[in-house]
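Protein chains in written order, with the working numbering: chain F, 7 to 338; chain X, 7 to 338; chain Z, 521 to 848; chain H, 521 to 848.
No lab work stands behind these hints, which were simulated from the structure alone.
Calculated pairs, EDC-like style, for lysine to aspartate or glutamate (alpha carbon to alpha carbon, straight line, at most 16 Å):
1) Z:845 / Z:746
2) Z:827 / X:330
3) X:257 / X:272
4) H:845 / H:746
5) X:150 / H:541
6) X:150 / H:569
7) F:150 / Z:541
8) Z:565 / Z:537
9) H:722 / H:749
10) H:565 / H:537
11) F:180 / X:199
12) F:191 / F:275
13) Z:722 / Z:768
14) Z:845 / Z:723
15) X:191 / X:271
16) F:200 / H:569
17) Z:742 / Z:723
18) F:147 / Z:569
19) F:180 / Z:569
20) X:147 / H:541
21) F:150 / Z:569
22) X:147 / H:569
23) H:827 / F:325
24) F:320 / F:105
25) F:191 / F:272
26) F:257 / F:42
27) X:72 / X:234
28) Z:827 / X:325
29) F:147 / Z:541
30) H:565 / H:538
31) X:284 / X:222
32) X:180 / F:199
33) X:180 / H:569
34) X:200 / Z:569
35) F:21 / F:301
36) Z:565 / Z:538
37) H:827 / F:330
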Amino acid sequence: MAPKDLMIGHPLSSKAHAKHALLYMWKIRKFEDAVEDLFGRGMMHGTMHLSVGQEASPTGVCMALKITDQITSTHRGHGHCIAKGADLTRMIAELLGKEIGYCGGRGGSMHIADVETGNLGANGIVAGGIPIATGAALASKLQKNENVVVSFFGDGALNEGAFHEAANMAAIWKLPVVFVCENNKYGMSNSTEKAFALENLADRGLGYGIPGVTVDGNDVVAVYEAAEQAVQRARNSGGPTLIECVTYRWKGHSRSDKNLYRTKEEIDEWKTKEPIAKFMSLIHEKNLLTQEEMDAVQQQATDEIIAAVNESVKAKAADPAGLEAAVFNAVM
Amino acid sequence: MAPKDLMIGHPLSSKAHAKHALLYMWKIRKFEDAVEDLFGRGMMHGTMHLSVGQEASPTGVCMALKITDQITSTHRGHGHCIAKGADLTRMIAELLGKEIGYCGGRGGSMHIADVETGNLGANGIVAGGIPIATGAALASKLQKNENVVVSFFGDGALNEGAFHEAANMAAIWKLPVVFVCENNKYGMSNSTEKAFALENLADRGLGYGIPGVTVDGNDVVAVYEAAEQAVQRARNSGGPTLIECVTYRWKGHSRSDKNLYRTKEEIDEWKTKEPIAKFMSLIHEKNLLTQEEMDAVQQQATDEIIAAVNESVKAKAADPAGLEAAVFNAVM
Amino acid sequence: MLTMAEAVREAMTIAMEERPEVFLMGEDVGVYGGAFGVSAGMYEKFGADRVIDTPISELGYIGAAVGAALSGMRPIAEIQFSDFSAQAMDQIANQAAKIHFMLGGALHVPMVIRAPQGSGTGAAAQHSQIVENWFTNVPGLKVVVPSNPADAKGLLLSAIDDPNPVVFLEHKLLYKTPGWEPVPEGNARIPLGVSRVVRTGKDLTIVATGIMVKKSLEVADKLSAEGIEVTVIDPRTISPLDMSTTFESVDLTGRLLVVQEGPSHGGFINEVIAQVAGSHVFGSLKAPIKKVAGLNIPIPYAPQLEKAAVPQVEDIYAAANEIVKTWR
Amino acid sequence: MLTMAEAVREAMTIAMEERPEVFLMGEDVGVYGGAFGVSAGMYEKFGADRVIDTPISELGYIGAAVGAALSGMRPIAEIQFSDFSAQAMDQIANQAAKIHFMLGGALHVPMVIRAPQGSGTGAAAQHSQIVENWFTNVPGLKVVVPSNPADAKGLLLSAIDDPNPVVFLEHKLLYKTPGWEPVPEGNARIPLGVSRVVRTGKDLTIVATGIMVKKSLEVADKLSAEGIEVTVIDPRTISPLDMSTTFESVDLTGRLLVVQEGPSHGGFINEVIAQVAGSHVFGSLKAPIKKVAGLNIPIPYAPQLEKAAVPQVEDIYAAANEIVKTWR
Ligand SMILES: Cc1ncc(C[n+]2csc(CCOP(=O)(O)OP(=O)(O)O)c2C)c(N)n1
Ligand SMILES: Cc1ncc(C[n+]2csc(CCOP(=O)(O)OP(=O)(O)O)c2C)c(N)n1
Ligand SMILES: [Mg+2]
Ligand SMILES: [Mg+2]
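With these hints in hand, go ahead and build the complete structure from the sequences.
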């Protein structure tokens with residue numbers, strides 16, 4: 007089932023749309039804050055890859071997608087998952103290793119999928135989802151169902167062979183796939199300046215005959231507009247587009263990051279380009295929502311996350327029994 | 007030891023250079039004819055990938071290389087090997103599984119290497135040599151020895167992740183490597199029209215910030231000129247170049263090819279663009295060599311191949327004893 | 521009698537006729553008919569949408585097969601030589617194999633990867649490997665190694681039906697030869713994970729797969745003429761591995777010989793040995809368990825070297841003979 | 521006492537000081553110091569030309585390491601998690617492993633691929649595998665699995681000296697813990713291909729590697745207190761595999777238990793079993809050969825599931841106890 011509140015369209019096209027975009031960005035932000043908190047309190051296991059500061063690209067892209075459109079996601083995938091409409095409780099529950107978690111505790115943060123909302127899964131392998139998205143787009147073409155598939159990935163993923171091979175296949179077969187590169191300036195510690203001999207990573211598309219667009223990835227409106235165009239192009243058999251969303255990761259790459267490869271000044275500067283504030287000022291300009299309405303949206307996000315955490319914490323832990331039987335699907 | 011007759015410079019820069027270019031193209035042609043003949047007579051095992059019709063690109067490129075410069079080659083590698091200066095007898099002997107063959111009969115056609123002339127090896131894996139060449143170029147940079155490495159590969163190889171990852175590394179580190187794509191219109195049965203959404207395959211370089219050049223791959227002079235520029239650029243720390251040599255494979259992909267994917271007309275048309283005749287007419291224009299001199303060069307090539315075949319046929323077959331000891335190098 | 525290439529083609533054709541979601545993709549599987557001619561004529565029959573020529577991008581198109589499988593299709597992806605499954609290893613071992621489990625069962629991956637393996641064609645080290653062992657230690661993959669056309673057809677039909685990723689490895693040298701029995705017509709499926717007792721005898725149990733089954737049968741014939749009776753078991757699916765018939769047989773014969781073409785260090789035969797050596801039939805063993813396998817070397821090019829690298833009928837005969845005669 | 525991360529760093533540092541042709545490359549090995557901090561400080565010491573941060577391109581940079589090795593360098597290439605060796609499988613298994621043999625000895629490939637493997641960090645199925653088995657069946661690779669800091673240092677020094685490609689797999693959970701003995705100073709090499717008898721006892725032989733050695737030693741202590749004396753053998757190099765000490769020990773104890781973290785179906789323990797079951801010491805066996813290994817499942821995320829997936833001390837104890845008590 008799709009969440010009742012999923013909404014398609016331009017973030018500034020109505021009060022409802024503006025609320026939706028704002029709500030989802032807040033949900034992502036609050037979700038990540040909650041994860042960091044759970045980690046800090048030793049309640050969560052493993053590692054975490056937070057997308058604080060990158061809320062605009064999943065939100066903007068997913069507002070251009072129908073519920074039947076699909077996505078593939080990454081290790082930094084909470085935002086994509088939320089924006090596509092996943093249930094917050096089942097997400098948190100997964101992180102806590104609970105039976106009701108999306109993967110029954112077997113996958114954790116890096117492997118959450120939500121079939122109902124078209125999320126084919128986060129992926130622990132950098133660029134691992136890109137050929138998969140391309141194959142889902144091939145299925146869409148073969149099944150003639152007009153679904154579009156979006157593959158989210160980071161700047162670092164562009165240097166994997168998986169991107170290359172998938173991009174070319176998508177181009178030659180004009181598959182309904184959109185490649186969304188969230189360029190947050192670093193692949194772990196490796197800056198895009200060091201990892202690429204390109205100014206705009208969107209130019210990577212040139213080598214495949216794929217149009218490339220670079221947008222301000224912290225501007226949910228700019229992201230939506232680029233995504234909407236690419237999605238329509240894909241849906242109309244025009245083939246793939248590579249969208250580069252320029253953004254920034256506020257937090258360390260993962261738990262173990264000491265931030266040795268960048269300066270505090272750089273981080274602080276990017277905090278001034280914060281996506282939620284940016285969108286709120288656009289809302290202001292257009293006089294779409296009052297401050298009270300915006301505050302209420304933020305509060306709603308907070309409440310939803312708190313409820314999800316509370317419910318998850320109480321849920322039953324995943325049970326080791328039956329692990330061996332879970333390897334293969336038994337249904338023909 | 008380098009072959010005595012290795013020669014660097016423009017194919018039309020002197021009588022000697024013109025003779026050299028012509029001789030090497032003839033050697034490649036005659037070598038491939040001999041291989042086909044040995045196969046037909048059941049004297050050779052396995053399969054064969056002939057480069058008849060593609061003699062200009064190895065010859066032109068290698069005339070821009072010093073003996074210490076290195077190459078990596080492909081399944082269709084006889085031409086590269088010959089042009090870099092390998093010994094014809096040891097090549098034929100390898101194809102016949104003889105002890106004196108370049109690989110002692112262990113590698114066959116797809117794995118001939120000749121360290122003395124800087125050939126790091128043919129490769130049975132499409133695109134397998136490209137990262138290796140890039141690594142050799144990294145070694146050259148680290149060792150500051152000013153060697154350049156050329157990686158030869160086909161059009162099909164451009165769609166492998168190996169090309170992608172290597173090309174980007176070469177670009178960001180400005181490695182002294184030249185990527186020579188011999189676009190013979192097909193990767194086995196798959197035409198470049200079907201496998202690429204690009205007009206010029208050299209445009210594949212754009213996505214890495216690598217300059218791309220498309221040349222008539224049947225014109226040994228055009229190939230030399232492009233290679234010479236790229237090699238100098240590489241040697242002067244200017245980084246890699248992607249050269250697309252447009253050419254055509256006359257013979258089937260390998261032994262089993264029924265040519266179902268192309269027309270006889272297409273093959274015939276390309277035969278009119280034959281590289282050796284094309285070069286001879288340039289020699290004529292420039293009045294560099296007489297017809298007699300050119301005939302003598304052709305005869306020399308024929309004689310050398312015949313001698314190599316005769317010597318190889320007589321040589322001792324490779325001995326299965328010692329195979330297990332040959333897996334690891336024992337010298338520290 | 522059909523050859524293995526024909527039997528495989530027949531299975532694919534039947535499955536594609538039965539189910540619109542089945543399609544074939546790979547390098548040169550279209551007009552060319554596949555490097556070994558396995559899909560000859562299928563492009564003409566099913567068209568470019570169901571017999572898809574891919575660029576030379578194994579990681580990409582195997583990944584695309586995974587994605588298509590997640591979205592309701594049942595791809596058969598051919599890898600031209602199984603050696604190139606190395607290129608696609610991430611999508612096979614880290615994605616296809618794990619998705620169902622890792623995602624808590626939310627999705628599954630009904631796909632078949634078909635690829636020829638093995639030596640004997642003079643194609644040298646990068647085109648001649650037995651790659652089974654790369655996959656048998658990866659939970660989530662089923663690995664099938666048919667030894668003859670009839671089994672190949674029935675097993676492939678089941679592999680295509682299976683809701684899980686199946687790696688289906690065909691020995692190149694079997695493509696052009698008929699088996700030892702006719703290939704049943706129609707959609708006669710043979711279940712995965714069920715071993716086959718190809719021949720029964722009381723003196724020795726031989727477990728072998730792929731091309732080594734035929735060689736083992738030759739050895740059994742030869743020994744039979746000398747009064748020694750051999751059971752030959754073909755597990756057919758090497759992961760998951762059905763050991764039931766092997767346990768039964770070893771319990772009876774007390775002697776076990778395992779045979780594979782791949783290098784001796786590793787491979788499915790080790791799992792057979794380990795399971796027997798750790799089982800209740802350990803007590804029935806009258807002799808050490810012997811293996812006949814390839815040398816621990818890459819496959820060399822020259823025919824005389826290539827032959828020396830992998831087990832020949834004489835090697836199996838010698839080992840079998842030694843076990844039976846030394847351990848009475 | 522040094523931890524394993526420190527011991528590995530010390531070995532790399534010594535080798536790089538001794539030989540200008542040694543360098544380190546990999547993802548985030550520079551300023552970041554490696555995902556597990558193994559190369560911390562090395563970038564500052566050796567500079568950007570000898571501690572090279574690569575793009576996220578495992579196939580590319582492992583291939584580059586092969587090419588550099590062919591051209592006179594001795595690269596140490598770190599793969600951030602050994603699971604990603606799948607990406608580089610072609611360059612490892614089809615190139616690095618085969619070049620020396622395939623080219624008739626014309627070239628050789630002196631390189632080391634270092635990578636952490638194993639579970640226990642809550643990183644789930646794509647970051648927690650034991651990948652040993654992908655390599656042990658590929659002739660031309662040496663595979664080393666150190667179990668403690670002292671061995672890690674000495675073995676890595678030898679691996680860097682070795683003229684052949686060596687896959688060096690470090691268990692992540694060992695990185696931060698000291699071993700059971702001090703790490704020798706200086707360049708004290710330990711030869712590859714030589715097993716180590718870590719503890720001697722007459723009742724049972726346990727063969728284990730990596731993190732399972734420590735667990736097996738714990739079990740041996742426990743059993744010793746109960747009057748049962750266990751030999752613990754660590755092959756250290758699992759390919760090529762030195763079986764000499766295992767044969768000797770089994771000849772004496774008559775009982776063998778093999779332990780690995782990786783899935784039960786496959787793995788180096790099967791080779792140990794197969795060699796013993798086929799050897800002259802077969803006759804000395806008083807008990808079936810048992811294995812304790814991981815479940816045949818991908819590694820799950822939640823701690824309680826992850827723990828259930830791989831052998832714990834109790835599992836080894838139970839198996840050891842059963843063998844010794846059942847088979848007197
Ligand atoms: C194939 C592979 N290589 C390396 C890693 C380790 N790793 C995980 S995330 C990451 C950085 C990814 O950078 P990017 O794609 O830019 O995404 P970001 O983390 O910035 O969102 C690395 C190197 C991995 N998970 N998979
Ligand atoms: C990784 C890999 N995939 C597939 C093959 C099988 N194969 C050998 S040559 C070839 C075609 C190569 O085309 P191209 O690169 O254009 O070179 P050409 O044969 O035209 O010279 C194919 C598909 C292979 N050897 N390696
Ligand atoms: Mg990034
Ligand atoms: Mg070609």
